[in-house]
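Asks: Sequence:
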Amino acid sequence: MPQARHPAAPAVITQKCFKFDTNQRFKSTNRLQTLDICDELAHFAPQHRARYSVPTLGPRPCTRGTGAAGSPAGGCRQLRSTRMETAFSALDLARVQFAFTVSFHIVFPALSIGLASFIAVLEYRWLKTGKAYYKNLCLFWSKIFAVAFGMGVVSGVVMAYQFGTNWSGFSSFAGSVTGPLLMYEVMTAFFLEAGFLGIMLFGWNRVSPRAHFGATLMVAIGTLISTFWILASNSWMQTPQGFEIVDGQVVPTDWFAIIFNPSFPYRLAHMAIAAFVVAALVVAATAAWHLLKGRRDKAVKKMFSMSLWLLLVLAPLQAVIGDQHGINTLRHQPAKLAAIEGLWETEQGGTALNLFGIPDMKAETTHYAVSIPHLGSLILTHSWDGEIRGLKSFPPEDRPNSTVVFWSFRIMVGLGFAMIGLAALAWLLRRRGRLYEAKWFHKFALAMGPTGFISLLAGWVTTEVGRQPWVVYGVMRTSHAVSPLSTQQVSVSLMTFVVVYFLVFGTGVYYMLKLMRKGPALPGDTHDDAHDARPDRTARRPLSAANQLIDAA
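Sequential numbering from 12 applies to the sequence shown in this note's numbering.
In case anyone wonders, no lab produced these hints; they're calculated from the structure. Ideal placement from N, C-alpha and C gives every residue a C-beta, glycine not left out. Careful, some of the hints might be misleading.
What the hints assert, rightly or not - In silico EDC-like pairs for lysine to aspartate or glutamate, Cα to Cα no more than 20 Å straight-line:
| hint | residue 1 | residue 2 |
| --- | --- | --- |
| 1 | Lys-403 | Glu-375 |
| 2 | Lys-309 | Glu-448 |
| 3 | Lys-313 | Glu-448 |
| 4 | Lys-403 | Glu-358 |
| 5 | Lys-454 | Asp-308 |
| 6 | Lys-312 | Glu-448 |
| 7 | Lys-529 | Asp-308 |
| 8 | Lys-373 | Asp-409 |
| 9 | Lys-373 | Glu-408 |
| 10 | Lys-450 | Asp-308 |
| 11 | Lys-403 | Glu-356 |
| 12 | Lys-373 | Glu-356 |
| 13 | Lys-304 | Glu-448 |
| 14 | Lys-142 | Glu-408 |
| 15 | Lys-403 | Asp-371 |
Claimed, not checked - Per label pair, the in silico range of CB-to-CB distance:
| hint | residue 1 | residue 2 | range |
| --- | --- | --- | --- |
| 16 | Gly-259 | Lys-139 | 53 to 59 Å |
| 17 | Lys-454 | Trp-320 | 33 to 39 Å |
| 18 | Met-198 | Thr-518 | 41 to 47 Å |
| 19 | Arg-528 | Pro-407 | 50 to 56 Å |
| 20 | Tyr-195 | Arg-342 | 36 to 42 Å |
Please build the complete structure, drawing on both the sequences and the hints.
Replies: Here it is in structure tokens:
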């Protein structure tokens with residue numbers, strides 16, 4: 012019987028009807044848990060089909076079931092519709108679980124990345140000027156950083172385990188690339204952070220000020236190195252290169268090409284700046300809270316001023332990087348770009364930009380579209396009549412969910428403009444000498460505090476949902492990456508994660524908010540007693556750094 016090669020399954024039996032089960036084998040079976048792929052191979056990404064010797068197959072006739080032989084309504088189609096009648100498959104629930112856990116996870120590293128660098132700058136200013144309020148701000152934000160760092164580590168461990176439990180197909184197929192990249196992150200970034208974190212949190216009176224600043228700087232650098240490796244791995248899944256497929260598994264051939272893949276520079280810059288923006292908004296909102304409560308001491312004013320200066324620089328820069336990232340996406344992931352823009356037709360002579368609308372995947376149109384002619388071409392191709400492929404030019408099974416990414420992208424962009432507006436208003440008020448007195452602006456800054464996290468999550472939804480139906484873009488489908496788990500098994504783990512995450516991380520968020528409400532030390536209270544080296548005290552644990560100067564109530 013003829014056979015062909017496929018990256019997700021070494022043996023493909025070309026008979027009348029094919030099944031792909033979660034054990035990564037093609038076979039004919041009547042089990043409803045398997046995925047019918049009578050025409051699956053026909054839609055393998057064209058640019059990879061010849062490279063991996065995947066046969067060009069169209070929909071094949073199937074004589075099983077109630078339909079007529081050779082009819083599109085035959086047994087294979089009937090089995091597919093039967094499967095779709097179930098509310099959620101194991102694949103759907105596994106995707107929901109991963110989205111839930113990664114959404115909880117990403118907010119903590121993003122905050123800790125930004126805060127680590129902010130604390131390093133504050134400590135440098137303290138060493139340079141000797142002003143006590145800089146040290147007080149260091150001590151205050153170090154406590155919040157400690158909680159965010161701890162929550163990020165705990166949730167990150169869960170993320171790593173999921174690759175083996177829920178996504179063993181992906182781990183088996185691409186683990187030779189993603190595994191080493193995660194190992195590099197642990198060996199270089201995590202060890203660096205862990206090695207100096209104790210000195211940063213508890214070494215104020217145990218080492219010299221310069222040595223302490225060096226430890227703080229190493230922790231900040233470690234967070235950025237971690238960002239580098241994680242984004243390298245994720246970007247490779249978006250724009251894979253530097254590998255071959257051997258016996259159904261990815262084999263690296265060029266590590267430089269793998270790490271510095273086409274989307275990596277844009278996505279690394281976009282994420283790093285997003286983390287700084289998240290931290291700037293949290294710092295500004297915290298300062299605004301205390302300004303509204305009547306505090307006007309140097310520490311509160313300084314963190315308000317510094318965060319808004321940072322936002323004035325980074326918010327417009329983020330928009331520029333986002334524009335370049337969009338051009339890169341158009342070149343390497345055109346289906347994602349079309350879904351983001353809600354474009355269905357490939358228009359000649361210029362493409363309009365849909366500002367708003369409701370994309371309809373079934374009707375293949377965007378209802379109630381509010382469009383500006385030629386603006387899509389101007390923004391995305393930097394030319395008046397540039398061509399952008401519409402979703403109809405891609406097979407239906409290769410299209411991302413435009414309804415989701417259309418709006419997640421607009422939420423991200425809309426909040427980005429609001430951040431630019433906040434920074435611009437701060438600049439105007441600063442010039443007029445009203446920055447610390449305009450209560451309406453303080454309320455605006457306080458309301459903008461969570462928007463960094465919302466924008467961050469909306470951006471990740473856009474990039475990850477926009478990559479579907481691929482887990483490795485154009486190479487491996489998400490449906491081929493899931494582990495052989497039942498719906499019941501994934502349901503139990505998902506419900507467990509929901510309960511535990513809301514309890515554990517809800518407590519962590521509450522604790523950070525309580526710290527923020529307490530605020531930095533008042534003039535005359537240096538916080539030093541909390542960090543004295545006392546021989547009668549036991550060694551502190553990392554999270555105990557956040558347990559100082561908090562009201563018992």
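Asks: Is Lys-454 close enough to Asp-308, meaning Cα to Cα at most 20 Å?
Replies: Distance of about 19 Å is within 20 Å: holds.
Asks: Regarding the pair Lys-142 and Glu-408, is the alpha-carbon distance no greater than 20 Å?
Replies: Violated, because 61 Å separates the two Cα atoms, which is more than 20 Å.
Asks: Within a Cα-Cα threshold of 20 Å, do Lys-309 and Glu-448 meet the stated pairing?
Replies: Roughly 14 Å separates the two Cα atoms, so the pair holds.
Asks: Range hint 41 to 47 Å: satisfied by the CB atoms of Met-198 and Thr-518?
Replies: Cβ of Met-198 to Cβ of Thr-518: about 31 Å, so the range 41 to 47 Å is violated.
Asks: Hint check: Lys-373 vs Asp-409, CA-CA at most 20 Å. Holds or violated?
Replies: This hinted pair holds, its Cα atoms lying about 14 Å apart.
Asks: Need the status of pair Lys-403, Asp-371: alpha-carbon distance at most 20 Å?
Replies: holds (12 Å)
Asks: Do the beta carbons of Arg-528 and Pro-407 sit within 50 to 56 Å of each other?
Replies: holds (51 Å)
Asks: Go ahead and decide if the range 36 to 42 Å is satisfied by the Cβ distance of Tyr-195 to Arg-342.
Replies: violated (27 Å)
Asks: Against the 20 Å threshold, does the CA-CA distance of Lys-403 and Glu-356 hold or violate the hint?
Replies: holds (6 Å)
Asks: Measure nothing beyond the straight line between the CA atoms of Lys-403 and Glu-375; if it is 20 Å or shorter, mark the hint as holding.
Replies: Holds, at roughly 8 Å.
Asks: Go ahead and decide if the range 53 to 59 Å is satisfied by the Cβ distance of Gly-259 to Lys-139.
Replies: holds (58 Å)
Asks: Lys-313 and Glu-448: Cα distance at most 20 Å?
Replies: Within the cut-off at roughly 14 Å; holds.
Checked against the numbered hints listed earlier, the structure breaks hints 14, 17, 18 and 20; every other hint is satisfied.
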